[in-house]
Every structure is written in C-alpha cells, then in structure tokens.
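Protein chains: 2
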Amino acid sequence: MIFSKQVGLHRHLQMCVRALSSLRYKDLQITLTKTPTRTSGDDHLKFGAHISDHMLEVDWTAEHGWDIPQIKPVSPLHIHPAAKVLHYASEIFEGLKAYRCVDGKVRLFRPREHLRRMSATAERACLPAFDQSEFLKCIQKLISVDQEWVPDSKNQSLYVRPTLIGTEPTLGVSASNKAKLFVITTPVGSYFAGGLKPFSLLADPKYVRAWTGGCGGYKMGSNYAPTVAVQKNALEKYGCQQVLWLFGDDHQMTEIGTMNLFIYWVNEQGEKELLTPSLESGLILPGITRKSVLELSRQWKEFYVTEGNITMKTFIKAWNDGRIMEVFGSGTASIVLPVQEICYLDQKFNIPTDTDTSLTQRLFNEITSIHYYSKPHHWMETLDPEEEEKTAGCG
Amino acid sequence: MIFSKQVGLHRHLQMCVRALSSLRYKDLQITLTKTPTRTSGDDHLKFGAHISDHMLEVDWTAEHGWDIPQIKPVSPLHIHPAAKVLHYASEIFEGLKAYRCVDGKVRLFRPREHLRRMSATAERACLPAFDQSEFLKCIQKLISVDQEWVPDSKNQSLYVRPTLIGTEPTLGVSASNKAKLFVITTPVGSYFAGGLKPFSLLADPKYVRAWTGGCGGYKMGSNYAPTVAVQKNALEKYGCQQVLWLFGDDHQMTEIGTMNLFIYWVNEQGEKELLTPSLESGLILPGITRKSVLELSRQWKEFYVTEGNITMKTFIKAWNDGRIMEVFGSGTASIVLPVQEICYLDQKFNIPTDTDTSLTQRLFNEITSIHYYSKPHHWMETLDPEEEEKTAGCG
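In the order they appear, the protein sequences are chains A and B.
For the first sequence, position 25 (counting from the first letter as 1) is numbered 25 according to my numbering, and the numbering increases by one without interruption.
For the second sequence, position 381 (counting from the first letter as 1) is numbered 381 according to my numbering, and the numbering increases by one without interruption.
One copy or any two copies: either way a pair holds, since identical chains are not told apart in the list.
Derived DSSO-like pairs: lysine-lysine, alpha-carbon spacing no greater than 30 Å straight-line: (1) K232 / K178; (2) K237 / K178; (3) K154 / K301; (4) K154 / K375; (5) K197 / K272; (6) K301 / K313; (7) K178 / K72.
Quick caveat, the hints were computed from the structure, so don't treat them as lab data.
With the sequences and hints as input, model every part of the structure.
Here it is, written out as structure tokens:
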C-alpha cells in the first residue's frame with residue numbers, strides 16, 4: 001500500500017512537472033517556405049539587412065511553460081499593442097555566428113557561452129529560463145535548414161540572433177507572464193574588406209552607457225536605445241565612427257560602441273601588457289570575443305594580460321610617454337577592430353595601427369583561423385546534435 | 001517670366017514638402033469594430049488589463065514621412081522579427097488620463113504637456129517628430145469613438161497610452177528609418193478604493209534607476225526593464241510595495257517606483273517646506289503630476305516649495321528630529337500616494353500618514369476636483385477639437 005501511494009505521489013509530481021513544459025528539441029516542428037529567396041553572390045549587403053528564409057519560434061506562458069518549438073518561414077510576429085516588449089523594453093538578445101569551415105562543414109563559435117550569457121540576462125530581465133542545451137539543438141537545426149544562407153567565403157558568416165521578448169498584453173511595469181523566444185539569421189560580410197580598417201572614437205564624458213547598479217553587464221535591449229543619439233552625434237558632429245564610453249568623475253575607459261575595449265601598452269611598471277576593463281564593476285558586457293582574446297593571449301605567455309581599470313588620465317600619460325602600442329575593440333560582429341584616434345575634450349590622440357605586424361592583426365588571424373577551422377578548435381561546434389552530444393561541455 | 005519662374009519654384013518646394021508628409025488630423029480614417037466588447041460595471045479590473053475596443057495607428061518612414069492616421073479595432077501589430085523595437089528598445093511612451101467630469105463631458109488632463117514631453121523623448125530616442133496638436137486631435141477622436149469606455153465614476157478614469165516604436169526590420173544599432181505611432185486606452189480604477197492607502201519603500205543603494213549622462217529624464221521604454229527585478233525583489237524579500245531609488249555615494253533620494261518623490265518637512269532652517277528632487281541632474285522624469293503639485297502648492301503660498309536634492313543622511317537627521325511630516329509619490333496612475341515606511345540599510349523609518357488632514361490628502365482632493373471638473377480648470381481639455389482650437393495654448 002505504501003509503495004502504491006508512493007507511485008501515486010510520483011505520478012502526481014510527474015504531472016505537475018509536465019504541466020509546466022520545458023523547451024524540448026524533440027518537439028520541434030518544421031514548416032518549410034514555398035518561396036525560397038536565397039541567391040548566391042549577394043553577401044555584400046549591409047549588416048543585418050537580409051534575413052534568411054526561416055526562423056525558430058517558441059512561445060511561453062507562466063501557466064503552461066514552453067510551447068512546442070517551430071521552424072517556419074520568416075513572417076511578421078503578431079504582437080498585441082499592449083505587450084510589455086513594446087512599452088517597457090522587456091527584451092533581451094544574443095548575437096553569435098556560424099561559419100562555413102575549410103572542410104565544408106558549418107560550425108558555430110562558442111554557442112554554449114552565448115546561451116549561458118543569454119540565460120543570465122533572461123534572469124536579470126525577469127524573462128523565463130530555458131534549457132540551453134535543447135535550445136542550442138533547435139538553433140543548430142534552424143541553421144541546417146537554412147544552410148545555403150551560410151556564405152561560402154572566408155570573409156563572411158551567418159549571424160544568428162536569438163531574441164526573447166515579454167508579450168503579456170497588459171500595461172503596468174511587471175514581469176511578463178507571456179514570452180516569445182525566436183531566432184533569425186542573416187548572412188554578413190566582413191567588416192574588413194580591405195584588411196583591418198582602423199576607426200576613430202569620440203570620448204565625451206557627457207554621455208554614460210552603463211553605471212554601477214544598472215544592467216551594463218547584461219545583454220538587455222534597454223542598454224542600446226540610449227546609445228543611438230550619442231553614436232549619431234559622434235559621427236555627424238565629430239566624424240568619429242564610434243563612441244568610447246567613459247564612466248565616473250575620473251573618466252574610466254569602459255567600452256567602445258557595442259564592443260569591449262582592449263589597450264596594448266607598456267604599463268607604468270615598464271611591462272608589456274594587454275589590458276581590458278574588469279567585469280567586476282558590472283559596467284562591462286562579458287563579451288565572448290573578449291573572453292576568447294583573453295584566453296588566447298594568456299596561452300601565448302608573451303606579455304601580461306590584465307583585467308583592470310584605466311582612466312583617461314593614465315591613458316594620456318602613457319600616450320605622452322609613447323607607451324600606447326595599440327587600442328582595439330572586440331565583438332562578435334567585428335571580431336577585433338583597431339582604433340586609430342581618440343577625440344577627448346578637444347584633443348586628438350593618434351594610435352599606431354601598423355596592421356601587418358600588430359597584435360590586433362595577429363588576434364584577428366588567430367581567431368578567424370579558428371572560425372573557419374583551418375586551426376581545429378573545441379570552441380567550434382557542428383550543426384549535428386548527435387555529434388554535439390559527444391563533445392558537449394568542452395565549449 | 002520671373003514671376004512664372006517663382007511660381008514654378010514655389011510649386012517645386014510644395015511638392016518637396018508634400019513628399020515628406022506630416023501627421024494630419026484631417027486625413028484620419030475610422031473603421032469601427034463589428035464586435036464591441038464594452039460591458040458596464042467591470043472597472044475594478046487590474047490596472048491596464050482591459051484594453052478598449054479601438055486604437056489609433058500611424059506609420060512613418062524616413063522616405064515618405066507620416067502615413068494617414070487610422071482609428072480601427074484593436075488588433076495585434078504585425079512586427080517583423082528583425083524590427084529595432086524588439087532588439088534595441090527603440091520605444092517611447094506616454095500615459096495620460098481622460099475623466100468623465102461632473103458636467104457629463106469627457107476631458108483630458110494636460111494633454112499638451114504630455115505630448116510635449118513625448119516629443120522631447122522621441123528626439124532623445126532618435127524616433128520621428130510629429131505635430132503635437134494634430135496628434136492630440138487624433139487622440140481626442142479616438143476617445144470620442146470609445147467614449148463608452150470612460151468610466152462614469154469619481155474613482156475611475158480612462159488611461160491613454162500613446163506609444164512610438166522603431167520598426168525598421170534590420171539588425172544593427174542605429175536610428176530606425178521606419179516607425180509606428182499608436183494609442184491604446186484602458187479603463188482604470190482608483191489606487192485608493194479605501195482612501196489613500198499608504199505604502200512602504202525599499203531603499204537599496206545596490207540598484208540605481210538612472211544616472212548622470214543617461215536617459216532618466218525621458219520616458220523611454222529602456223528605463224523600465226531594469227527595474228522589474230528590483231521591484232520584485234523589494235516585494236518578495238522585504239515586503240515593500242515600491243522601490244525608493246537612490247543615487248550616488250551620498251545616497252540621494254530620487255524617485256519612488258515609477259513616481260516622483262515629494263517630502264513635506266520642516267527643513268534645517270526651521271521652515272515648512274515641500275521638497276522634490278530637481279530636474280537639473282537629468283535623473284528625474286519631469287512628471288506632469290509633479291509639475292501640477294508644484295504649481296498648486298506654490299499658488300497656496302503657505303509653505304516653501306523647493307526643487308532640490310536630499311540625501312538619506314539629511315532625511316534621517318530630520319526623521320530623528322521629528323521634522324518629517326509626510327512623504328508621498330506623484331504620478332499619472334496614482335495621482336499622489338502616501339509613504340508610510342522606508343526600509344534602508346536594515347533600518348525602518350516610519351512616516352506619519354494621517355490621511356484626513358494631510359497635505360497628501362489635500363493635494364489628492366484638489367487635483368481630483370480638477371480632474372472631474374468640480375473645480376473648472378484650464379488644465380482640462382474636452383474632446384472637441386473645434387472647442388480646443390479656441391483654448392489652445394493655455395494647457
């Protein structure tokens with residue numbers, strides 16, 4: 001009798017669990033487009049302007065959990081005008097890339113790192129948790145379905161954009177009891193058609209991207225809207241392509257546009273050092289390319305690699321001493337991008353950008369050789385979930 | 001000949017202007033619902049959960065300007081999955097209210113102030129400008145169409161939510177070259193079913209709502225997403241209904257939840273004073289109810305009315321001296337709302353809330369008598385655009 005009661009309880013618990021469904025790859029439904037639009041040789045388009053044929057979409061409710069995931073032709077989302085995403089920025093996203101490798105296989109760069117960060121961001125934004133591994137399998141399937149959209153070129157890739165939005169159709173600032181997870185993809189060209197093209201930065205202490213006690217360390221949509229006018233102003237008024245975001249009364253250097261900041265210099269102790277702002281403050285987005293740059297350069301053991309802070313004052317002193325060797329940004333879209341000039345308080349600071357022998361170029365070469373698998377690396381994962389099962393955990 | 005040339009130029013200029021259309025009330029098209037859902041006596045619903053039958057919708061493109069405005073049945077918006085609103089929080093909104101007044105007419109509270117603030121926010125968010133006066137006429141028409149939805153009760157009103165979102169379907173952080181302006185409305189009950197119900201605040205310096213160089217002074221969607229988890233934490237862990245947002249190392253008191261903060265106290269000079277944080281820092285949302293409270297209480301000339309800063313340290317000293325008379329929040333949703341307790345660094349500070357004779361109650365009475373027109377006031381505007389023409393400019 002006791003045994004039977006226990007079985008009864010077990011079944012009840014199973015049903016409770018079942019009532020709140022999790023996201024499962026095996027439930028995936030696929031509907032293919034009847035009007036494919038892929039044409040070859042059109043990959044020199046503007047970043048993110050040409051969306052691939054199919055998307056992944058999964059709905060969630062607080063009551064029932066995750067609905068079945070679906071791959072289907074890209075089509076407008078039907079969003080209630082009161083949905084929280086349209087009013088309170090209840091939205092988070094990721095950006096990762098798939099590459100057509102030298103062996104012909106398509107691989108994703110560190111997808112598990114991206115989904116781990118997305119989970120952390122979802123929690124901060126009070127959006128629902130999801131099974132990262134199951135979601136990855138769905139993404140891999142989506143890219144398999146649109147495999148033709150992965151460019152066959154060593155300067156191009158398929159940019160993958162997982163997005164999670166709050167869709168509850170009620171006004172009032174609160175956690176959304178409905179959500180939609182979706183993924184779209186877009187073929188993107190290189191930022192570097194003619195090699196690593198250096199760019200200039202406006203460092204204006206008037207504008208601040210993130211602050212202690214805020215969300216700068218998470219990939220929330222709300223971090224981006226306030227930057228658009230600042231970026232526009234930098235370009236139109238100062239001719240600077242990007243913004244160097246400063247923080248605090250001592251003008252700490254934090255990020256570049258939507259990239260992490262790296263400074264390669266001879267530090268105050270006379271040592272060669274690659275420096276990037278520390279994540280500890282919560283101001284800095286924990287970039288996956290940032291992490292990769294740190295891991296690779298630490299393996300080389302050729303110079304110090306430090307996560308710490310640097311102010312404009314310290315930077316200017318080093319610049320005056322001729323100790324600034326390189327400044328670059330890192331990010332999924334651009335990989336690494338050399339800085340040639342910083343405009344700060346009516347002064348211009350030129351930075352060396354000898355692209356042939358630079359650390360920036362070396363990092364770019366190293367990372368792209370991993371991306372396209374001319375240097376096989378466990379950071380890359382194929383689209384075959386079966387194969388993934390074997391290698392899971394080493395990403 | 002010269003004259004004819006000038007006419008030609010004039011026509012050319014006219015065509016250029018026409019090519020970029022402005023938002024015009026006279027172009028408004030109306031499609032009524034065939035299935036009206038309004039039932040009486042259902043106005044005790046949760047705030048913002050019951051959306052009225054019709055909405056106003058106008059699309060914009062950088063190329064052609066504003067399309068024709070349309071009033072139509074509320075229905076899901078069709079939004080491309082790459083639209084900037086879903087990724088980068090390209091979204092702003094307003095919240096204003098329509099009241100069924102004692103003379104039976106429906107009136108809006110200071111709508112021109114709300115649309116002026118919305119225009120300023122649109123500019124900060126790189127979303128398109130619109131003719132405020134024409135937009136107001138469209139909103140007035142929308143409320144006329146859904147006039148049945150304006151509750152006939154002195155504790156209720158119709159909440160009106162103009163929203164502007166960036167809809168360009170391309171990834172990449174930049175100004176949107178497409179946008180959608182829409183308005184939905186929802187009948188809302190009073191926050192004060194049983195009189196002014198006092199609430200408690202969690203003041204945790206770990207979380208910061210807005211910061212110098214950010215967008216706290218604008219009504220952008222991006223200000224809200226980061227607050228959801230903080231608010232949830234205040235309620236679930238500390239039993240506090242709202243958050244008192246602090247700023248800076250000296251813990252300046254800035255805002256309450258989504259409301260402006262007021263402190264009625266005897267200041268350090270021994271004078272009775274109503275104090276609210278100054279707009280100068282850019283941290284504080286320029287609330288329309290905040291402005292109304294300041295204007296009314298300045299007219300009374302009974303105590304000092306000051307826009308300035310106050311830190312927790314100054315507050316606690318005054319509290320210890322027994323100089324804190326009242327603390328309240330102000331906002332469109334809640335009008336004024338008394339605070340009974342502030343929880344700060346493991347200490348609890350009780351605030352007097354003698355609602356019968358309090359300043360909070362007096363302000364509530366004064367403002368609601370304006371809302372429902374038992375005290376006629378130029379802040380209220382009827383729904384008749386013809387009538388509005390005559391009184392424009394005094395709002």
